[in-house]
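Novice: Here is what each chain is made of, one letter per residue.
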Amino acid sequence: MIKVKNLYHSYSKDDKYAVKDASFEVEKGEIFGFLGPSGAGKSTTQGVLTGLLQLQKGEVTVAGYDAKKFSKKMFNDIGMSFEQSNVYNKMTAKENLAFYAKLFDVETKDPQELLELVGLGDKANLKAGDFSKGMKHRLTFARSMINNPKLWFLDEPTTGLDPAIAATIKDIIWNEKKNGVTTFLTTHNMFIADELCDRVAFIVDGEIKLIDSPRNLKLQYGAKFVDIEYIKDNDSARESLSTVEAKDRNRIKELLDTYEIQTMHTKEATLEEIFIKVTGRGLV
Amino acid sequence: MFKKIWAIFIRDLRINTREFITIWLLAMPIIFALAINALAPSINDSTVRLALVDGENPVQEEYLENFARVSLFENEEAVRERVEKRDDYIGILRDGDEYYILTQGNENQAIVDFAKTLQVLYTLGYDIEDSTAEIIELGRNTPPFKKMLVNISILFGSILGGMLIAINIVEEKGDNTISAINVTTVSRMGFVLGKSMMGLLLPLYGSITVLLITGFGYVNIGQMLLVVLSATMLSLLIGFVEGLANDDMMTAVASFKMIFFPVGGAVAVAEAVSDKWQWTVWWIPYYWTYKGTGEVLSETATWPRMLLYTGIIIALCAVVFIVMIPRVRSGLEKS
Ligand SMILES: Nc1ncnc2c1ncn2[C@@H]1O[C@H](COP(=O)(O)OP(=O)(O)O)[C@@H](O)[C@H]1O
Ligand SMILES: [Mg+2]
Chain A
0 MIKVKNLYHS YSKDDKYAVK DASFEVEKGE IFGFLGPSGA GKSTTQGVLT GLLQLQKGEV
60 TVAGYDAKKF SKKMFNDIGM SFEQSNVYNK MTAKENLAFY AKLFDVETKD PQELLELVGL
120 GDKANLKAGD FSKGMKHRLT FARSMINNPK LWFLDEPTTG LDPAIAATIK DIIWNEKKNG
180 VTTFLTTHNM FIADELCDRV AFIVDGEIKL IDSPRNLKLQ YGAKFVDIEY IKDNDSARES
240 LSTVEAKDRN RIKELLDTYE IQTMHTKEAT LEEIFIKVTG RGLV
Chain B
0 MFKKIWAIFI RDLRINTREF ITIWLLAMPI IFALAINALA PSINDSTVRL ALVDGENPVQ
60 EEYLENFARV SLFENEEAVR ERVEKRDDYI GILRDGDEYY ILTQGNENQA IVDFAKTLQV
120 LYTLGYDIED STAEIIELGR NTPPFKKMLV NISILFGSIL GGMLIAINIV EEKGDNTISA
180 INVTTVSRMG FVLGKSMMGL LLPLYGSITV LLITGFGYVN IGQMLLVVLS ATMLSLLIGF
240 VEGLANDDMM TAVASFKMIF FPVGGAVAVA EAVSDKWQWT VWWIPYYWTY KGTGEVLSET
300 ATWPRMLLYT GIIIALCAVV FIVMIPRVRS GLEKS
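Each protein sequence line maps, in turn, to chains A and B.
With numbering that gives the first Met the number 0 as the guide, the letters of the first sequence map in order to residues 0 to 283.
With numbering that gives the first Met the number 0 as the guide, the letters of the second sequence map in order to residues 0 to 334.
Think of the hints as simulated: they come from the structure by calculation, not from any bench.
Only a predicted model underlies this, so the values are computations on that prediction, with no experimental measurement involved.
Incorrect hints may have been included.
[Unchecked claim] Each computed SDA-like pair below joins lysine to any residue, with the alpha-carbon atoms no more than 25 Å apart:
#  : chain 1 : residue 1 : chain 2 : residue 2
1  : A       : Lys126    : B       : Arg17
2  : B       : Lys115    : B       : Asn65
3  : B       : Lys2      : A       : Met0
4  : A       : Lys67     : B       : Leu331
5  : A       : Lys101    : B       : Arg326
6  : A       : Lys266    : A       : Asp197
7  : A       : Lys89     : B       : Arg187
8  : B       : Lys172    : A       : Lys169
9  : A       : Lys27     : A       : Asp13
10 : A       : Lys27     : A       : Lys169
11 : A       : Lys101    : B       : Leu200
12 : A       : Lys101    : A       : Asn124
13 : A       : Lys101    : B       : Ser186
14 : A       : Lys71     : B       : Thr301
15 : B       : Lys275    : B       : Thr301
16 : A       : Lys72     : B       : Asn74
17 : A       : Lys72     : B       : Ala6
18 : A       : Lys266    : A       : Leu218
19 : A       : Lys67     : B       : Pro325
20 : A       : Lys176    : A       : Lys67
21 : A       : Lys89     : B       : Asn65
[Stated by the list, open to error] Partial list, derived from the structure: chain A residues whose beta carbon lies under 7 Å from chain B:
#  : residue
22 : Asn85
23 : Tyr87
24 : Lys89
25 : Asp104
26 : Tyr258
Glycine included, each C-beta is placed from N, C-alpha and C at the ideal position.
Please work from the sequences and hints to get the whole structure.
Specialist: Listed below in structure tokens is the structure:
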């Protein structure tokens, strides 16, 4: 569905690249996660893929269209949810969706049903300008589904939403995958990525550091960890240690010999821990 | 594509009929027309201006004053001088036993006819009661003051269209919705056309409304729309440029004040300055609209002349377009 080869992009049109030599492919029907801290170049990449930003250097094919000559027709098959919600404040939620629906040539979804899907069913006739940030974000997300896209770009779809609503959004994305939709998901939420993505790319400072499935990553990098809680100087202390690295194993032994152990759990490394390990960077 | 342009237009129309300031803009042509009717209510304010020699024939003078504004001059030479100025003064002078009508040649034919009729009626000895009805009928399109106000209102309608566009572009920019439109099947051209519709329809409806309300419904509306809409292209472009350049509705509207200098200048020169200085405002497209509309209002317009004016307007606008369009394009891309 998406092919990217040696993509570069610079806003200042010089060698200060927001995206540097990025190459990846997204298969039909998969959820591909683009993970990285903010400023990493995720939205920029997505901008080039959707034609919002002009292709400067590299080869990009999206849904069979070459980015050098994107056709407006292709947007019949594409949905795009923006990181910064962008809806008409002076129109109601329903009017926003109904208007947008008219801008496609394909069959569109019923605005009211879509609003209900994202939990805004009872707010359909309120002006978007009176919505909270999170509600606007959900409206922007709902709008991206209006034309039943086969290829779906989601830029931080759960950012700023409370956990219950984020879970709803996650379920919706999962459902669409079952309908065969291909999704390009940008996020810095590792839990969402972990649960949804078939494959993830780690991107930092405009460069892709690695691409793999969360499962492989865990097998590869995610050596088992133990969380140990123990009493030290009449106080409880806690350490998280790898069960494979020699240094950590010695430390575990030391703790067991020296201190009174309160609890001890094994756990898998999270995607976030792997990200930090691979890129040497946190996610915020 | 047509369906989508229409959808964009209908959206704008809906939003514009919900907000105070845009409702105000939409109602402006009607307000103007009513104000004109209040200011220049009827033909009886006699804006036909006659120049006579003082004391030459007091009875005739008194008679004519019932129907026209009569100015008295010292002698024939002074009358002649007055008539030769740009505006529509008509001299009535005596030659032996006969009276003749002195014109400069560029006066509105209806005014000349009106003066002739007055003179004939006087000679035949009709008094006011007998003649008023006929005179009103004949002089229906003669008051230049009213004509000028109508013409200015029509010109203003074209500029209002630009303001409306600026307001609607500011909305899209403020809500960041252009990027959302960019990921639909609507092309840039489709978007621009859709956004232009309100700005095109306001002058269209505005000028027709003004004509109908002020009693000019009988003129050749097709000819007038030709010169009005061609200049509206320029108003629309200015609307897009100002909309993209401003972040706030009120400042976008206020920025249109810069356009009032050339427009006001063109109107002032056309109305009050002698022929030999008219060229100083030839570069202003709105001047040609004003001139064309003026001719339509006095029913002296011909299609070839209106097409000529339209050609001039389009040529002048083309220059502005070539300079401005890259700015609009990059403005739409950035949003
Ligand atoms: N419109 C822009 N103009 C200039 N620089 C930009 C613009 N948008 C983003 N950038 C810069 O490009 C880099 C990547 O940004 P972005 O792609 O938005 O990151 P992400 O989506 O991963 O948070 C950042 O350094 C950001 O400051
Ligand atoms: Mg981003």
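Novice: Take the hints in turn and mark each one as holding or not.
Specialist: Quick rundown of the hints versus the structure:
no., hint, result
1, Lys126(A) <-> Arg17(B), "holds (12 Å)"
2, Lys115(B) <-> Asn65(B), "holds (15 Å)"
3, Lys2(B) <-> Met0(A), "violated (29 Å)"
4, Lys67(A) <-> Leu331(B), "holds (19 Å)"
5, Lys101(A) <-> Arg326(B), "violated (28 Å)"
6, Lys266(A) <-> Asp197(A), "holds (22 Å)"
7, Lys89(A) <-> Arg187(B), "holds (23 Å)"
8, Lys172(B) <-> Lys169(A), "violated (30 Å)"
9, Lys27(A) <-> Asp13(A), "violated (34 Å)"
10, Lys27(A) <-> Lys169(A), "holds (19 Å)"
11, Lys101(A) <-> Leu200(B), "holds (22 Å)"
12, Lys101(A) <-> Asn124(A), "holds (19 Å)"
13, Lys101(A) <-> Ser186(B), "holds (14 Å)"
14, Lys71(A) <-> Thr301(B), "violated (44 Å)"
15, Lys275(B) <-> Thr301(B), "holds (23 Å)"
16, Lys72(A) <-> Asn74(B), "violated (79 Å)"
17, Lys72(A) <-> Ala6(B), "holds (18 Å)"
18, Lys266(A) <-> Leu218(A), "holds (13 Å)"
19, Lys67(A) <-> Pro325(B), "holds (20 Å)"
20, Lys176(A) <-> Lys67(A), "violated (28 Å)"
21, Lys89(A) <-> Asn65(B), "violated (58 Å)"
22, Asn85, "holds (4 Å)"
23, Tyr87, "holds (5 Å)"
24, Lys89, "holds (5 Å)"
25, Asp104, "holds (6 Å)"
26, Tyr258, "violated (56 Å)"
In terms of the numbered hints stated before, the structure departs from hints 3, 5, 8, 9, 14, 16, 20, 21, 26, listed from lowest to highest.
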